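Top to bottom, those sequences are chains X and A.
Those letters in the first sequence? Residues 4 to 150, per the numbering used here, in order.
Those letters in the second sequence? Residues 199 to 558, per the numbering used here, in order.
None of these hints come from the bench; they were simulated from the model.
Only a predicted model underlies this, so the values are computations on that prediction, with no experimental measurement involved.
Note that the Cβ used here is the ideal one computed from N, Cα and C, for glycine as well.
Be a bit skeptical, because a hint or two may be false.
[Unchecked claim] Now the stretches of chain A that chain X is said to cover, found in silico as 3 or more residues with beta-carbon under 8 angstroms: (1) 367-374; (2) 408-417; (3) 425-437; (4) 464-473.
[Stated by the list, open to error] Here are some of the chain X residues that sit facing chain A, going by a computed Cβ distance under 7 angstroms: (5) M4; (6) A18; (7) P20; (8) S24; (9) L28; (10) A31; (11) G35; (12) G37; (13) T75; (14) Y80; (15) D81; (16) A84; (17) T91; (18) N100; (19) S104; (20) S111.
[What the hints assert, rightly or not] SDA-like mimics (lysine to any residue), calculated; alpha carbons at most 20 angstroms apart, straight line: (21) A:K514 <-> A:A397; (22) X:K13 <-> A:E468; (23) X:K23 <-> A:Q374; (24) X:K121 <-> A:S531; (25) X:K82 <-> A:K225; (26) X:K110 <-> A:I309; (27) X:K110 <-> A:S263; (28) X:K13 <-> A:S531; (29) X:K85 <-> A:I488; (30) X:K82 <-> A:I309; (31) A:K519 <-> A:K554; (32) X:K17 <-> A:Q416; (33) X:K85 <-> X:A72; (34) X:K110 <-> A:E362; (35) A:K268 <-> X:E112; (36) X:K85 <-> A:E487; (37) X:K12 <-> A:E539; (38) X:K82 <-> A:G373; (39) X:K110 <-> A:Q489; (40) A:K246 <-> A:Q374.
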Amino acid sequence: MSISPDEYKKLGEKAVPKTKSLRNLTGAFLIGGGICLFGQFLLNFYLDMGLSTPSSSTACSMTLVAVSAVLTGFGVYDKIAKFGGGGTLVPITGFANAVVSPAMEYKSEGFVLGLGVKIFTIAGPVIVYGVLASVVYGIIYWAMGII
Amino acid sequence: MFFCIFLRFAEKLFPKRGDFLAHKIGKQTIIIDSAVGIRSSAAVGSKKESEGPLGSSFDIINDDSRFGEKTWEKAESKMQELACWKALKKAEAEMAEIDFLFAGDLLNQCIASAFSARGSKVPFIGLYGACSTFAEGVGLASVFADSAAKNCLAVASSHFCSAERQYRFPLEYGGQRPPSAQWTATAAGAALVSRDSGAPFVKAVTFGTVEDLGINDQNNMGAAMAPAAAATLSQFFRDTYTDPDDYDLILTGDLGAVGAQLMRELMLREGFSLGDNYNDCGLMLYDREIQQVESGASGCGCSAAVLSGHVLPQMKKGVLKTVLALSTGALMSPTSVQQGETIPGVAHLVCFSNEKGGIF
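This is chain X alone, in the form it adopts within the complex (with noise of 0.2 angstroms):
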């Protein structure tokens, strides 16, 4: 071919329509917004249902995780994420779903080494990841209590 990939590059970045920035911002905004009010709602609704606050904090995580995993269950939380976007994925909810949606595909292979072995292969990274940081910050914070 008579054109260099750099040139190439250029071409086809043109050729790419440019993402639909503000639909999609206030598609995550909306779904985003929302889905932190229910969580408020539920937390609300803990506290006055006579809970303590931390566990009216951890009631409400499982209860957004629960309607979270039934709702990709039934094939409608991946219709809400496409308009949501970054609304739906930055939530507890997202994380709930990127573990239902591989244990729900991979059964195919068998409870072992389908679901098993594949459940983490979204979330997997975040769990170590996330770990591995809350390891770093434990020292910091435990360097700062001695200095």
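Go by the hints and put chain A onto chain X.
Positioned in the frame of chain X, the structure of chain A alone reads:
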């Protein structure tokens, strides 16, 4: 000496069949002079395909994309079986008449093809050319039918669900697709290639070179494949001394909107201007706006189904007379993408014509 000259003259006057066998001209093009043609073809699709602009051209549609099977891989195998069965039925032929079966798909180790061929008892030639498989299969089948065989079957398939789980994410994983992404077609196409059959005839085949201009975004496969398509098409024009205006339709496999635009620009740089007779199967299969498939359709099944279900039947009807069909493949694997490799592309071309005689 006079006798020798006489013999030479006689050879010219009464050529043997061997003189017409498939032969290479130029750099990459194989010319097929005898009457090798598409005896019949069939396309299989699912719900989303039936809702697209070409929905009515499918021979078999099953709204259940599992095709009654337990796994997506088995569903894809079933689609290949159905496509072969329908193509044979249309030609009133039996599987036993087939000399060689050329089959390919996108799955690891080509299991959709191999598993669907289990019951056929026909010599099986498994192919992997990513989404270029259908033209690769029809091209090889044509060369075989011109020399070593009489009837060959070429089939290719792809399935959205089996491809997603192999190359990308689980189906229910929530995420947004960038505008350059393409939608893997749940479709299969089969063509029965026979010697001494009716139109449309296969006049030439150009097998393409692997081209890589450094695209490494697997959500932009149209851009990764366009250089290969342009390389094959321009080489075909140079080999045959023809140009784009000589054909009713020039069709690429699954470049999508992004790739098709790049294809036009690359061809222009090669000195060929593609006019209104250029189209892309990936732009024909779905309604991009309504069906939300971003840049268009992709997968082996895309070009296989559009050619088998729509283009070849239109040629049989005489609506189209000369067609250049290119299937385009992106030759990456999930491993190569993770290792940061760029995506090489390949494109194979088949030249169809309703003319029985030579057109070059």
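Consistency of the hints with the structure:
For the segment 367-374 of chain A, the proposed coverage by chain X is satisfied: 8 residues have a C-beta within less than 8 angstroms of a C-beta in that chain, meeting the threshold of three. Under a criterion of three residues with beta carbons nearer than 8 angstroms to beta carbons of chain X, the stated coverage of the segment 408-417 of chain A is upheld, 4 such residues being counted. By the rule of at least three residues with a Cβ nearer than 8 angstroms to a Cβ of chain X, the coverage given for the segment 425-437 of chain A holds, with 3 such residues. Coverage of the segment 464-473 of chain A by chain X holds [criterion: at least 3 residues with CB-CB distance below 8 angstroms; count 3].
Because the smallest distance between the Cβ of M4 (chain X) and any Cβ of chain A comes to about 5 angstroms, under 7 angstroms, the interface hint for this residue holds. Against a cut-off of 7 angstroms between C-beta atoms, the interface hint on A18 (chain X) holds, since the closest Cβ of chain A lies about 5 angstroms away. For P20 (chain X), the interface hint holds, since its Cβ comes within 7 angstroms of a Cβ in chain A; the closest pair sits about 4 angstroms apart. Among the interface hints, the one on S24 (chain X) is violated; its C-beta lies about 11 angstroms from the nearest C-beta in chain A, farther than the 7 angstroms criterion.
Proximity of L28 (chain X) to chain A is violated relative to the hint, the smallest CB-CB distance being about 12 angstroms (cut-off 7 angstroms). Proximity of A31 (chain X) to chain A is violated relative to the hint, the smallest CB-CB distance being about 9 angstroms (cut-off 7 angstroms). For G35 (chain X), the suggested interface contact is broken, since its CB lies about 12 angstroms from the closest CB of chain A, more than 7 angstroms. Residue-level restraint check for G37 (chain X) is violated (minimum Cβ-Cβ distance to chain A is 14 angstroms; threshold 7 angstroms).
Residue-level restraint check for T75 (chain X) holds (minimum Cβ-Cβ distance to chain A is 5 angstroms; threshold 7 angstroms). For Y80 (chain X), the shortest C-beta to C-beta distance to chain A is roughly 5 angstroms, which falls under 7 angstroms, so the interface hint holds. For D81 (chain X), the shortest C-beta to C-beta distance to chain A is roughly 4 angstroms, which falls under 7 angstroms, so the interface hint holds. Evaluation of the A84 (chain X) hint against chain A yields a held restraint, the C-beta minimum of about 2 angstroms falling below 7 angstroms.
Taking 7 angstroms as the C-beta cut-off, the interface hint given for T91 (chain X) holds, the closest approach to chain A being about 5 angstroms. The interface hint given for N100 (chain X) is met, as the beta carbon of that residue sits about 5 angstroms from the closest beta carbon of chain A, less than 7 angstroms. Nearest Cβ of chain A to the Cβ of S104 (chain X): about 4 angstroms, under the 7 angstroms cut. The hint holds. For the restraint placing S111 (chain X) at the interface with chain A, the shortest Cβ-Cβ distance is roughly 5 angstroms, inside the 7 angstroms limit, so the hint holds.
Distance check on the hinted pair: K514 (chain A) and A397 (chain A) sit about 6 angstroms apart at the alpha-carbon level, within 20 angstroms; holds. For a cut-off of 20 angstroms, the pair hint linking K13 (chain X) to E468 (chain A) stands: about 18 angstroms separates their Cα positions. For the hint pairing K23 (chain X) with Q374 (chain A), the CA-to-CA distance comes to about 11 angstroms; that is within 20 angstroms, so the pair holds. Pair hint K121 (chain X) plus S531 (chain A) holds up; C-alpha atoms about 18 angstroms apart against a cutoff of 20 angstroms.
Under the criterion of a C-alpha separation no larger than 20 angstroms, the hint pairing K82 (chain X) with K225 (chain A) is inconsistent with the structure, at around 50 angstroms. Using a Cα cut-off of 20 angstroms, the hinted pair K110 (chain X) and I309 (chain A) holds, with the two alpha carbons roughly 19 angstroms apart. Distance restraint check for K110 (chain X) and S263 (chain A): the Cα-Cα separation of roughly 18 angstroms lies within the 20 angstroms cut-off, and the hinted pair is therefore satisfied. At most 20 angstroms may separate the alpha-carbon atoms for a hinted pair to count; K13 (chain X) and S531 (chain A) exceed this at roughly 25 angstroms.
With a C-alpha separation of about 15 angstroms, the suggested pair K85 (chain X) and I488 (chain A) falls inside the 20 angstroms cut-off, and the hint holds. A threshold of 20 angstroms between alpha carbons decides the hint, and for K82 (chain X) with I309 (chain A) the separation of about 30 angstroms lies outside it, so the pair is violated. Our distance criterion of 20 angstroms between C-alpha atoms is met by K519 (chain A) and K554 (chain A), whose separation comes to about 11 angstroms. The hinted pair formed by K17 (chain X) and Q416 (chain A) meets the criterion: a straight-line CA distance of about 17 angstroms does not exceed 20 angstroms.
Among the hinted pairs, K85 (chain X) with A72 (chain X) is consistent with the structure: their alpha-carbon atoms are about 16 angstroms apart, no more than 20 angstroms. Among the hinted pairs, K110 (chain X) with E362 (chain A) is consistent with the structure: their alpha-carbon atoms are about 15 angstroms apart, no more than 20 angstroms. Distance hint between K268 (chain A) and E112 (chain X) is fulfilled; the C-alpha atoms sit about 11 angstroms from each other, no more than 20 angstroms. For the hint linking K85 (chain X) to E487 (chain A), the alpha-carbon distance of about 15 angstroms falls within 20 angstroms, and the restraint holds.
Note on K12 (chain X) and E539 (chain A): the hinted pairing holds, with a Cα-Cα distance of about 15 angstroms set against a maximum of 20 angstroms. A distance of roughly 9 angstroms separates the Cα atoms of K82 (chain X) and G373 (chain A); the hinted pair therefore holds under the 20 angstroms criterion. This hinted pair does not check out: K110 (chain X) and Q489 (chain A) have alpha carbons roughly 29 angstroms apart, beyond 20 angstroms. The hinted pair formed by K246 (chain A) and Q374 (chain A) meets the criterion: a straight-line CA distance of about 19 angstroms does not exceed 20 angstroms.
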